[in-house]
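Protein chains: 2
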Amino acid sequence: MNTQSAVNLHHQLAKITEHWSPRVIAQLNDYYFKLVKVKGDFVWHSHEDTDEAFLVLEGQLTIKFREYDVELKRGELFVVPRGVEHCPVAADECSILIIEPRGVVNTGAVSSDLTAATDQWI
Amino acid sequence: MNTQSAVNLHHQLAKITEHWSPRVIAQLNDYYFKLVKVKGDFVWHSHEDTDEAFLVLEGQLTIKFREYDVELKRGELFVVPRGVEHCPVAADECSILIIEPRGVVNTGAVSSDLTAATDQWI
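Protein chains in written order, with the numbering used here: chain X, 294 to 415; chain P, 294 to 415.
To be clear, the hints were calculated from the coordinates, so they are not data collected in a lab.
Computed from a prediction, not measured in an experiment: that's the story for all the values here.
Treat the hints with care, since some could be wrong.
[Unchecked claim] Which chain P residues face chain X? A few, computed with CB under 8 Å, are given here:
#	residue
1	SER298
2	ALA299
3	VAL317
4	THR343
5	ASP344
6	GLY352
7	PHE371
Ideal Cβ positions, reconstructed from N, Cα and C, are used throughout, including at glycine.
Turn these sequences into a full structure, and let the hints guide you.
If you want it as structure tokens, here you go:
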């Protein structure tokens, strides 16, 4: 009897059509795993109360900081420290797994057209 | 100027030769990202105070529970709920990313030859 099943990241990604619109796929204590497809420039923002982990699943992502950039390819992980301004950018579509506490707003304290719901499960 | 770089999961995995010996690769608040290579049967155990997330990077993993099994292939994620007895098993070598709070012991309250250090960075 198999009463639970694993979450297949690529099957779930295939359901996502919008950019910059994170979808929750799993919960670990008070943390969420979110899938998001991105393309183009996001907005500069920070998260005052938490670090934020990015794992690139497909494509390439640049996380811009004020003094340097971090380049992430498929299979690469980076943790943005709390309180540090950053701006994710992807020339071409890129698929990312984000891990962060429940309730974290994607644009931090910045209000933007790209500000998304924090609790949208797929 | 690129003063920080991402963690490449596969480059880090290539450094791991032991089975069932988790290596920390990144920290997110008070959580750790750990890489581990497994083969064979682990020990039945539970974590009373925390959920535990498994993402299979290479190979296949079975997480046995008392009433059912969960099968994970590459690119599949499962969160073992706190307090639930489980036993990871892999017929062939399997590489996993584990996300859980700092200080979690791999065998829970069970003492085993497979009990590993909780804080070993790679």
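Hint by hint, work out which the structure violates, then give me just those numbers in ascending order.
-> Failing hints, ascending: 3 and 6.
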